Amino acid sequence: MLFGLSGPLLDACVLSVLERGDTYGYSLTQQVRGVMDISESSLYPVLRRLEREGCLSTYNQAYQGRNRRYYSITDLGRRRCAQYREAWADYKQRLDHVILGGENHG
Amino acid sequence: MDRKEFLSRLESGLSRLPKEEREEVLRYHNEYFDEAGPENVQSVIEELGDPEKLARQICAESMVRDIAGNASSEGPKKKKGLMAVWIAILAVFASPIALPVAIGLAALALSLVVVVLCLLAVPFIIVICLLFAGIASVIQGFYILFLQPAAGAWVLGAGFCMSGLGLLGLLPLIWLAEAIFRGIGRLVSRVVTRRKHA
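Here the protein sequences come in this chain order: W and D. Position one of the first sequence corresponds to residue 9 (the working numbering), numbered consecutively onward. Position one of the second sequence corresponds to residue 2 (the working numbering), numbered consecutively onward.
Just chain D, with the same shape it has in the complex (with noise of 0.2 Å):
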């Protein structure tokens, strides 16, 4: 065995450790045979031992510090480090069950902005139709004046009535739609920007 099939069975060895410590322990490795010199490769190979024997050890070790590393209290940012890897772990295996649901309040949100706005047509359109209609009414109104002037001032008067109503429900509606907007966009935006302190 010479120094090139030493660390090559000591890599593969070691496919379980991240990319990282693999290439610390070859870097390691590699300088102490660069420290040993040409000539000592052979009693440094006898040094080392097996290295699939060594790499087992060095996994072990590997191991065992991420257990201690976890239920020690020292280190709290390894710690939070961790935490942001267990949050990803848990977002990639949540995803299946999150989208669906992330979509599902997208609707809900969604159905609530049109079931405001039907709320809001309803008084609009009534309100609309009084002012329309009392238009209409107050127009007739005038025409029947001159052939049964009773009736037509009747109808002129309900014309009047009707578009003062409508004037009337109109301005208040015109506020409270205005309110209840400016509330949705206010709820919205703080929704996103909490989400993106997050």
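Bound conformation, chain W alone (with noise of 0.2 Å):
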């Protein structure tokens, strides 16, 4: 992946995944991986704040003879993610007019 992904957008990212339901670490990492390169790193710290800052909640779950902590998105999270997907979407079409040229004005 050539473009890296790091800060609000990763934060995004995280939220959106949670967004479509509760997951735990491994699998929430593996999703995010999916789509962004985030090698070298681990989304530890990224939970955490989201977690301090009540965007998300957790749960343990116990699976397989062991607990699996369980990340949930909370009603904060949720308009925080509104406001991601927003900027988003500005900030999409703006690159898309630089980068992408003139497919915009046809």
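Check each hint, because a few of them may be wrong.
Far from chain W, some chain D residues (derived; all Cβ distances over 12 Å) [said to hold, decoys possible]:
#	residue
1	11
2	29
3	86
4	89
5	90
6	127
7	135
8	149
9	165
10	194
Quick look at which bits of chain D chain W covers, simulated, 3 or more residues with Cβ under 8 Å [claimed, not checked]:
#	stretch
11	33–41
12	52–61
13	182–192
It should be emphasised that the hints constitute simulated quantities derived from the structure, not laboratory data. As the structure is a prediction and not an experimental result, all values here were calculated from the model. Backbone N, C-alpha and C define an ideal beta-carbon position, used for all residues, glycine too.
Using the hints, build the complex out of the two chains.
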């Protein structure tokens, strides 16, 4: 993957994945990794920050004799996600304008 | 590098974090290894990269979060907890000063009580002296009355006067003393309960 992922974009990705349903760290990482380059790092700091900010909550669920920690998006997280989505649509349009050039102008 | 080495290197890089936070980090990455399965240990280690770098990243994130948490107005609960921590730190640093100050204040309160006691004792002693002297004079007056009636009558009269003054002074003094001690007691109990509520 050529384009790296960090900061708000990573937050937006994590929140978007969680908006589709609760999941645990490994599965979440695989899903985010599927679209973006997050090698050589862990999603842990991002998850911890979002949890502290109140955007997601956690709960444990037993799985094959051990605990899985599931992450669940909160109402605040949903609102934040909606903001990101709006900002992203705007940003994407302007990027397309610059990178893809005249396509939008026809 | 195997899983154990990765986790122990990660842990040693997190020594600056509080214990619960450190355990949380290790719990997450332990679970991550578990989920990936034993056959994927090497690829997970490659994915996560350098454990020291990851530890630094987590520490930095934690510090940024602390600063942001201090500055942001959201989360009054956390702020309150933080306030308690600051007060505790302040209390520890203030103890070399606060302790002598507290002792000084206690001594001051004690000396106040002593001063009040002394001030009360003076009129009490005067009144009691008057009473005793009066009674003694009355007895002596009776005796002198038989030898020199005029002088005896004078001493007897003086004795009655002194006893009367003493009795007159005694009752209001007792009331005054009672009122003062009740006041001190109320003051002390109010200070103590306020300290408890704070």
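Cross-check of the supplied hints:
Non-interface status of residue 11(D) relative to chain W is broken: a Cβ of that chain comes within 12 Å, the nearest being about 9 Å off. Against chain W, the non-interface label of residue 29(D) is violated: not every CB pair exceeds 12 Å, the least being about 5 Å. Taking the minimum C-beta to C-beta distance to chain W, about 16 Å, the non-interface status of residue 86(D) holds against the 12 Å cut. The non-interface label for residue 89(D) is consistent with chain W: the shortest C-beta to C-beta separation is roughly 22 Å, beyond 12 Å.
Against the 12 Å criterion, residue 90(D) stays outside the reach of chain W, whose nearest CB is about 22 Å from its own CB. With a least CB separation of 74 Å from chain W, residue 127(D) remains clear of the 12 Å interface cut-off, as annotated. Interface exclusion of residue 135(D) from chain W stands, the closest Cβ pair being 84 Å apart, more than 12 Å. Consistency note on residue 149(D): stated as away from chain W, and its beta-carbon is indeed over 12 Å from all of that chain's, at 103 Å minimum.
For residue 165(D), the non-interface assignment is confirmed: its Cβ lies about 82 Å from the closest Cβ of chain W, beyond the 12 Å cut-off. With a least CB separation of 38 Å from chain W, residue 194(D) remains clear of the 12 Å interface cut-off, as annotated. With a threshold of 8 Å between beta carbons, the proposed coverage of the stretch 33–41 of chain D by chain W holds, since 4 of its residues qualify and at least three are required. A count of 4 residues in the stretch 52–61 of chain D with a Cβ less than 8 Å from any Cβ of chain W is obtained; the coverage claim is therefore met, three being the minimum.
Residues of the stretch 182–192 of chain D lying with their CB closer than 8 Å to a CB of chain W number 0, which falls below the three-residue condition for coverage.
Hints 1, 2, 13 from the earlier list are contradicted by this structure; the remaining hints agree with it.
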